[in-house]
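2 protein chains.
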Amino acid sequence: MRFLKFFLLAVLATWQGYSQSEDEQQIKAIYNTALTNSESYDWLNYLSNQIGGRLSGSLQAQQAVEYAKSQLDSMGLDRVWLQPVMVPKWVRGTPEFAYVETAPGITTDLPICALGGSVATPLQGIKASIVEVNGIEELKLLGPGKISGKIVFFNKPMDPTELNTFKSYSGCVDQRYAGAKEAAKFGAVGVIVRSLNLRLDDYPHTGTMDYGDTEIPNRIPAAAISTKGAEFLSATLKLSPKANFYFKQNCKVYKDVESYNVIGEIRGSEYPDEVMVVGGHLDSWDLGDGSHDDGAGCVQSMDVLRLLKETGYQPKRTIRVVLFMNEENGLRGGKKYAETANSKNEKHVFALESDAGGFTPRGFSFDCSEANFEQVKRWKPLFEPYLVHLFVKGHSGADIGPLKDDGIVLAGLRPDSQRYFDHHHSENDTFEHVNKRELELGTAAMASLVYLFDKYGIVPTP
Amino acid sequence: MRFLKFFLLAVLATWQGYSQSEDEQQIKAIYNTALTNSESYDWLNYLSNQIGGRLSGSLQAQQAVEYAKSQLDSMGLDRVWLQPVMVPKWVRGTPEFAYVETAPGITTDLPICALGGSVATPLQGIKASIVEVNGIEELKLLGPGKISGKIVFFNKPMDPTELNTFKSYSGCVDQRYAGAKEAAKFGAVGVIVRSLNLRLDDYPHTGTMDYGDTEIPNRIPAAAISTKGAEFLSATLKLSPKANFYFKQNCKVYKDVESYNVIGEIRGSEYPDEVMVVGGHLDSWDLGDGSHDDGAGCVQSMDVLRLLKETGYQPKRTIRVVLFMNEENGLRGGKKYAETANSKNEKHVFALESDAGGFTPRGFSFDCSEANFEQVKRWKPLFEPYLVHLFVKGHSGADIGPLKDDGIVLAGLRPDSQRYFDHHHSENDTFEHVNKRELELGTAAMASLVYLFDKYGIVPTP
Numbered sequence: 001m002r003f004l005k006f007f008l009l010a011v012l013a014t015w016q017g018y019s020q021s022e023d024e025q026q027i028k029a030i031y032n033t034a035l036t037n038s039e040s041y042d043w044l045n046y047l048s049n050q051i052g053g054r055l056s057g058s059l060q061a062q063q064a065v066e067y068a069k070s071q072l073d074s075m076g077l078d079r080v081w082l083q084p085v086m087v088p089k090w091v092r093g094t095p096e097f098a099y100v101e102t103a104p105g106i107t108t109d110l111p112i113c114a115l116g117g118s119v120a121t122p123l124q125g126i127k128a129s130i131v132e133v134n135g136i137e138e139l140k141l142l143g144p145g146k147i148s149g150k151i152v153f154f155n156k157p158m159d160p161t162e163l164n165t166f167k168s169y170s171g172c173v174d175q176r177y178a179g180a181k182e183a184a185k186f187g188a189v190g191v192i193v194r195s196l197n198l199r200l201d202d203y204p205h206t207g208t209m210d211y212g213d214t215e216i217p218n219r220i221p222a223a224a225i226s227t228k229g230a231e232f233l234s235a236t237l238k239l240s241p242k243a244n245f246y247f248k249q250n251c252k253v254y255k256d257v258e259s260y261n262v263i264g265e266i267r268g269s270e271y272p273d274e275v276m277v278v279g280g281h282l283d284s285w286d287l288g289d290g291s292h293d294d295g296a297g298c299v300q301s302m303d304v305l306r307l308l309k310e311t312g313y314q315p316k317r318t319i320r321v322v323l324f325m326n327e328e329n330g331l332r333g334g335k336k337y338a339e340t341a342n343s344k345n346e347k348h349v350f351a352l353e354s355d356a357g358g359f360t361p362r363g364f365s366f367d368c369s370e371a372n373f374e375q376v377k378r379w380k381p382l383f384e385p386y387l388v389h390l391f392v393k394g395h396s397g398a399d400i401g402p403l404k405d406d407g408i409v410l411a412g413l414r415p416d417s418q419r420y421f422d423h424h425h426s427e428n429d430t431f432e433h434v435n436k437r438e439l440e441l442g443t444a445a446m447a448s449l450v451y452l453f454d455k456y457g458i459v460p461t462p
Numbered sequence: 001m002r003f004l005k006f007f008l009l010a011v012l013a014t015w016q017g018y019s020q021s022e023d024e025q026q027i028k029a030i031y032n033t034a035l036t037n038s039e040s041y042d043w044l045n046y047l048s049n050q051i052g053g054r055l056s057g058s059l060q061a062q063q064a065v066e067y068a069k070s071q072l073d074s075m076g077l078d079r080v081w082l083q084p085v086m087v088p089k090w091v092r093g094t095p096e097f098a099y100v101e102t103a104p105g106i107t108t109d110l111p112i113c114a115l116g117g118s119v120a121t122p123l124q125g126i127k128a129s130i131v132e133v134n135g136i137e138e139l140k141l142l143g144p145g146k147i148s149g150k151i152v153f154f155n156k157p158m159d160p161t162e163l164n165t166f167k168s169y170s171g172c173v174d175q176r177y178a179g180a181k182e183a184a185k186f187g188a189v190g191v192i193v194r195s196l197n198l199r200l201d202d203y204p205h206t207g208t209m210d211y212g213d214t215e216i217p218n219r220i221p222a223a224a225i226s227t228k229g230a231e232f233l234s235a236t237l238k239l240s241p242k243a244n245f246y247f248k249q250n251c252k253v254y255k256d257v258e259s260y261n262v263i264g265e266i267r268g269s270e271y272p273d274e275v276m277v278v279g280g281h282l283d284s285w286d287l288g289d290g291s292h293d294d295g296a297g298c299v300q301s302m303d304v305l306r307l308l309k310e311t312g313y314q315p316k317r318t319i320r321v322v323l324f325m326n327e328e329n330g331l332r333g334g335k336k337y338a339e340t341a342n343s344k345n346e347k348h349v350f351a352l353e354s355d356a357g358g359f360t361p362r363g364f365s366f367d368c369s370e371a372n373f374e375q376v377k378r379w380k381p382l383f384e385p386y387l388v389h390l391f392v393k394g395h396s397g398a399d400i401g402p403l404k405d406d407g408i409v410l411a412g413l414r415p416d417s418q419r420y421f422d423h424h425h426s427e428n429d430t431f432e433h434v435n436k437r438e439l440e441l442g443t444a445a446m447a448s449l450v451y452l453f454d455k456y457g458i459v460p461t462p
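Residue numbers (UniProt numbering), protein chains in the order written: chain A, 1 to 462; chain B, 1 to 462.
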């Protein structure tokens with residue numbers, strides 16, 4: 001008995017030793033290829049500098065669909081296709097304009113941009129006195145008496161002491177998303193929201209907002225103001241509490257239009273019916289060129305399949321790159337993909353999203369069973385030489401969220417988050433802020449994780 | 001016996017629990033203060049944008065000495081002083097100029113800069129045919145027959161597959177440092193060196209070079225060429241092997257001048273004779289403003305002392321910030337500091353340098369005894385919440401190197417290294433490339449390590 005146990009342990013050790021070394025070699029090959037022969041940076045250059053911001057329903061979004069498909073077509077995958085999906089079409093219109101007026105004719109212009117989905121102001125703009133609140137909670141404390149007829153200025157800043165800047169973002173994104181809906185209940189005539197940016201600068205940051213069940217005539221326009229603008233406005237209001245604020249925007253919602261998720265796959269050699277997804281979202285906001293959000297995630301995901309082919313790895317399972325449409329203002333692509341997968345009874349075992357910028361990868365977060373998380377943690381040593389240390393449970397990605405069920409492992413790439421909100425949803429999200437090596441290291445980390453899940457599979461749910 | 005052991009273990013556990021929690025609290029206070037109330041970014045703004053590049057012996061270096069001293073004077077330290085040190089004075093002169101000539105009159109200009117310490121070309125410049133070599137080894141294989149009368153083009157690139165970019169740098173810095181000396185032995189008339197940059201761009205990167213015992217009349221001028229320039233030149237030589245290269249530079253070495261290390265200290269409350277140093281180097285190259293190399297390390301080091309004071313921590317040991325002069329082209333400040341410490345019989349127990357850029361901190365490297373490294377590894381969990389994972393043995397810092405003896409722990413901050421060589425020693429090392437939060441996180445990591453070494457001391461060498 002004791003001998004048998006010893007023998008089995010020895011066999012196991014040998015097998016694990018061999019396997020470990022094979023894994024180390026494959027991951028080394030992935031990293032070396034990513035750092036010397038990657039396409040991601042060139043693809044991103046094209047998406048960012050030849051196409052630009054790719055808001056759902058725009059010409060640029062359609063150009064991005066065609067470009068991404070043409071690149072996937074050239075990669076020698078087993079299948080490439082477009083999955084039609086109806087998406088919202090919101091258009092910003094001419095540049096927004098705003099000022100604060102401390103006395104008649106004494107004005108200071110301030111940088112704003114309409115929030116995605118907002119209605120326009122009347123043609124002549126809106127001028128009203130303005131009330132600063134520190135988030136939705138404080139708005140509710142003030143009530144209609146102090147809000148009616150006014151513009152509400154949501155000025156809750158992101159918490160700088162949080163190391164994970166996405167947590168800081170979560171802590172105040174409600175004022176952007178639901179601020180107009182809540183302020184309208186108290187009779188406000190407009191909403192100005194501090195940009196979700198930890199840095200003080202002059203860029204207003206847009207992002208999606210929602211009126212919920214607010215009746216159409218009661219919907220009020222909402223805009224973001226740059227962080228420096230917010231600081232200036234707040235200081236001005238302390239000196240001149242009766243200051244007026246003026247803003248003008250002529251954004252508009254059109255009818256939904258047809259767009260596409262762009263999909264390519266390598267068919268699995270042993271378990272072709274087990275599908276693994278790696279993806280990002282192809283749409284972006286319109287102000288910058290969407291390099292970090294989420295051009296980076298798209299080109300990384302495309303390059304994952306290319307790296308596996310370049311390194312000669314033949315996947316056992318079907319590996320699919322999905323470039324989702326309309327993450328930013330509707331998530332229609334993610335929902336459509338999951339609906340279609342369900343209706344076809346496709347078995348999805350793993351999905352990985354990169355949608356947190358093209359920065360140095362620090363690790364991954366996982367939305368999965370304990371047993372699968374335990375398996376992941378055993379792989380940690382394989383990532384240590386590449387300074388990928390962070391393996392935590394948590395949010396994976398918005399687009400792959402609709403795939404969630406008991407039998408799937410969802411994962412999100414976790415790049416260094418310190419610079420992300422300097423760029424996110426603003427004119428400052430541009431190609432020159434993506435470092436080629438950092439982008440490629442993210443791709444390599446993703447490809448390595450996909451390789452491991454393909455090779456070892458997931459732990460089935462009992 | 002068994003009871004006693006249990007009792008002792010329980011006491012130990014309680015004590016460690018308490019202490020751990022006190023450490024956690026102090027480190028949390030350091031991080032929160034660094035991220036909400038730091039001076040480092042403003043100091044760096046002044047050093048970079050009001051003073052600029054601070055080459056040893058320059059007016060700007062002197063201005064930096066005065067500015068840093070004035071800031072330390074305002075911090076309420078126990079003592080602030082200037083330590084005189086004689087430094088080399090090398091001056092670049094008017095901008096360098098170079099071209100490759102494939103046929104008489106058919107020329108393409110290429111971006112170069114003189115290497116620090118190089119001699120000038122003759123007034124009219126040098127024109128000669130040019131031989132490409134892949135590093136010093138290949139030069140030696142060619143020998144005088146193929147080198148004499150020519151310009152040598154060292155074109156060994158940094159290895160992109162190395163995750164630690166400083167290792168890639170080490171792998172080819174010899175061609176910059178000693179290329180001219182070696183080529184002169186074979187009768188070369190000049191040297192052009194590929195910039196030590198992993199990115200393809202148009203910035204030539206300078207850096208120190210040395211003629212060793214080459215006789216003065218035999219010293220040949222040496223310049224760096226941008227990576228794109230190097231690629232272009234290499235491609236040109238494949239098509240036109242007889243192409244001529246022309247370059248002109250009028251740099252000059254003057255007599256040594258007096259400068260200073262800038263030093264401030266908080267006197268220890270219990271062991272004032274045990275000195276702990278935290279520092280960076282105040283000089284920089286002249287092409288950029290020296291924000292990453294090493295303005296960042298200077299302002300972080302200054303802020304370490306300020307953070308300890310702000311968080312109410314009273315050091316047991318004497319903590320000294322040292323802003324070293326002349327790291328780049330002589331290391332005179334580091335040598336002077338160590339000589340003075342020796343001559344005064346000062347007992348230095350710990351020294352930490354930040355000289356790898358103001359990027360997100362990944363960890364520290366340690367040059368110390370095994371016992372001290374074991375102690376450091378026990379502190380790792382305290383750094384995990386701040387995503388500081390890397391604790392390795394290795395190089396600490398050039399300036400603190402001369403302090404090395406058996407009884408000291410030397411440490412170096414290890415920021416993320418992917419972007420460092422995009423900036424290093426070039427016109428592209430400027431303030432806008434430093435992210436405020438990344439800089440502050442480095443400061444906080446440094447202050448936390450200084451706190452732990454101050455509180456627990458080092459493990460004495462048996």
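Keep in mind the hints are simulated off the structure, nothing from the lab. Do not rely on the hints blindly, as some may be mistaken.
No distinction is drawn between identical chains; accordingly, a pair holds when it is met within one copy or between any pair of copies.
In silico lysine-lysine, DSS-like type, Cα no more than 25 Å apart, as pairs [said to hold, decoys possible]:
1) Lys28 to Lys167
2) Lys167 to Lys380
3) Lys181 to Lys347
4) Lys28 to Lys150
These numbers were taken from a predicted model, which means no experiment stands behind them.
Going down the list of hints, with the structure as the test:
1. For the homomeric pair lysine 28 and lysine 167, the shortest alpha-carbon distance between copies (17 Å) is at most 25 Å, but the shortest distance inside one copy (33 Å) is not.
2. With identical chains, the CA atoms of lysine 167 and lysine 380 are at most 25 Å apart both within one copy (24 Å) and between copies (23 Å).
3. Taking identical chains as interchangeable, the C-alpha atoms of lysine 181 and lysine 347 are never at most 25 Å apart, the minima being 39 Å within one chain and 66 Å between chains.
4. Taking the closest pair of Cα atoms, lysine 28 and lysine 150 never come within 25 Å of each other, the shortest separation being 60 Å inside a single copy and 41 Å across copies.
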